[in-house]
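K.L.:
The listed protein sequences correspond, in order, to chains A and B.
Numbering of the first sequence is given in my numbering, commencing with residue 1 and proceeding in unit increments.
Numbering of the second sequence is given in my numbering, commencing with residue 1 and proceeding in unit increments.
Hints in this document: simulated from the structure, not taken from any laboratory.
For clarity, every value in this text was computed on a predicted model and none was experimentally measured.
Hints may be right or wrong, so weigh each one.
[What the hints assert, rightly or not] In silico DMTMM-like cross-links for lysine to aspartate or glutamate, where the CA-CA straight-line distance does not exceed 25 Å: (1) A:K87 to B:E111; (2) B:K118 to A:E24; (3) A:K87 to B:E10; (4) B:K186 to B:E10; (5) B:K107 to B:E161; (6) A:K87 to B:E30; (7) B:K125 to A:E241; (8) B:K147 to A:E24; (9) B:K48 to A:D295; (10) A:K258 to A:D295; (11) B:K94 to A:E24; (12) A:K292 to B:E30; (13) B:K94 to A:E96.
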Amino acid sequence: MEIKKQIQSMIAEAKIYCTQGLLEEAIVYYQNAKNLVEKNEKVKNRETILKTIEDRIISLENEIQKVKDLKESAPVSSEVQDLIKTKFAFSKDENESALEGAIALAKFGQYERALQEFDELLQVDSLRLAAAKNIIRCHIAMSTIEKAVDIYQEWMAGDLFPQDQLYKINIFFKSIIDSKGLDIMLPQVEEPVDFEMNELGESENEDDEFMDISSIGISLDTGSEKKRMIDLDVSFQQGNEINLIISSKNKDLIDNLKVGFRLNDVQFYSPFAIFTGSGIVSAKTQIGFGPKQGDYSLDITVINK
Amino acid sequence: MANINIKKREIECKIVYYGPGRSGKTTNLEYIFKSYKNYVSGEMISIKTEGDRTLFFDFLPIGLGTIKGYDVRVQLYTVPGQVQYTSTRRLVLKEVDGIVFVADSLKVRREKNMQSLKDLQNNLKGYDLSIFKVPLVLQYNKRDLSKQGIPLMHSELMEKELNSQLKVPSFQASAITGQGVGVTLKECLMLTLKSIRKQLKTVK
Ligand SMILES: Nc1nc2c(ncn2[C@@H]2O[C@H](COP(=O)(O)OP(=O)(O)OP(=O)(O)O)[C@@H](O)[C@H]2O)c(=O)[nH]1
Ligand SMILES: [Mg+2]
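Produce the complete structure using the sequences and hints provided.
P.N.:
Below, the structure written as structure tokens:
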């Protein structure tokens, strides 16, 4: 093919990729066209063509960057939040389903709305404890832990929670604070008389069926190095699914933890016990917006506790 | 699993359009919304971000009327195809009954199709579902672009790379013109309802 035709066809192809929103592919074809022009000094209007192509590449690169830089998720209307709340709750039990809906809102990053829902669920006896824990989790995800502390103090002062539940919340919250190494003192709650330790960990527990996990320790076989133990905080938990945030600086770890990867000999730290088990990496997502932008969010399914 | 109300004789099921970013999942739903008004039972809701990319999901409710005595309602969803939204894709897949995998016929998207199919398999596994058992159809989209001189993969190649193990029904389509959109959905619905009927029998 004539050089000129080749260049034209590359540019035409690049343009179509643009209309398809395939910006990276478009850049490749503009780049190819550019290389071809550069190699052939006889091309007419060489400089102008080169300049046009270069401008196009720069503007595409800017567009790609813009997508990457998105600070906030699209503001979601309350109608959409309602949809999430109802469509992502699957339980047949009305209360259980309300809790699931609120957790789904949190999972879609709609923390403010999720908090409203959890607040309402505090009024439901069977959900009170779970709602309280999730309120704390939401504030931690939003990096407003001081608000969680205020709310916790209100709970302490009020009479919404029976003593044994306050005690459980205290332990739950404390374990998060400890695992994050924060310097926050929570008011003490007296251990209720006849309180049974195993109540917290057993699946008959009225709260969620799975033990609360505040952090985990994994040892990675990194090949050259010896095994190395790494502690990671749990930011969210639903049943046997835990979510961790891993800093983008931890490249090694991020590369190692591919979806489907099975972690053996994991130490799970819960407020009352450490247990060893396995986990499977079920999702890995780079966070696109907010204060943790660029970091990775990792879901792990805990097996055989 | 589908919501089956035997007393009220109602079935509600969920079909998810899956596939790599920009393959045309949203376009499929938009065409269905525009062209099958008789079946559409509510507004289409899209949650998108910069450049019209799906951020959470698209949602479109349709009703099929009465089939074998049951009022059948279907909720169509799309997932966000961009690689970084894995956990959202997983959330959207929860309780799925049937899947349309929309593959991009563009040669430059060859690898992306395979990666996305693998991602689907992994995410299904997370719910204890097998990609070999779930009702699934493939759609090879954007066939119209060959007219514009853009290199597409032959459907035989796509069949070989994506479907030689799955062996599920596959369709060529052009979501933008609507060609192939209806048959893809119809086949997926048939498979899905068949599998629900099986579940109904085992319940009894
Ligand atoms: N020519 C042509 N273009 C199509 C076709 N289907 C989709 N497109 C275009 O491809 C681009 C992406 O389509 P979408 O439907 O938004 O793709 P998607 O799969 O929902 O993408 P994500 O939401 O990012 O996962 C849009 O510019 C569409 O117009 C098709 O059949 N033919
Ligand atoms: Mg889309």
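K.L.:
Decide, hint by hint, whether the structure agrees.
P.N.:
Each hint, compared with the structure:
With a C-alpha separation of about 32 Å, the suggested pairing of K87 (chain A) with E111 (chain B) is violated against the 25 Å cut-off. Distance check on the hinted pair: K118 (chain B) and E24 (chain A) sit about 22 Å apart at the alpha-carbon level, within 25 Å; holds. Between K87 (chain A) and E10 (chain B) the alpha-carbon distance is near 17 Å, which keeps this suggested pair within the 25 Å criterion. Pair hint K186 (chain B) plus E10 (chain B) holds up; C-alpha atoms about 19 Å apart against a cutoff of 25 Å.
In summary, the hint linking K107 (chain B) to E161 (chain B) is supported, as the alpha carbons are separated by about 13 Å, within the 25 Å threshold. Distance restraint check for K87 (chain A) and E30 (chain B): the Cα-Cα separation of roughly 20 Å lies within the 25 Å cut-off, and the hinted pair is therefore satisfied. Only pairs whose Cα atoms come within 25 Å are accepted, and K125 (chain B) paired with E241 (chain A) is accepted, the gap being roughly 14 Å. A C-alpha spacing of about 22 Å is found between K147 (chain B) and E24 (chain A), which places the hinted pair at or below 25 Å, so the restraint holds.
The straight-line distance between the Cα atoms of K48 (chain B) and D295 (chain A) is roughly 22 Å, inside the 25 Å bound, and the hint therefore holds. Note on K258 (chain A) and D295 (chain A): the hinted pairing holds, with a Cα-Cα distance of about 15 Å set against a maximum of 25 Å. For the given pair, K94 (chain B) sits about 31 Å from E24 (chain A) by alpha-carbon distance, which is inconsistent with the 25 Å threshold. Taken as a hint, the K292 (chain A) and E30 (chain B) pair is broken in the structure, with Cα atoms around 34 Å apart against an allowance of 25 Å.
For the suggested pair K94 (chain B) and E96 (chain A), the alpha carbons sit about 16 Å apart, so the restraint of at most 25 Å is met.
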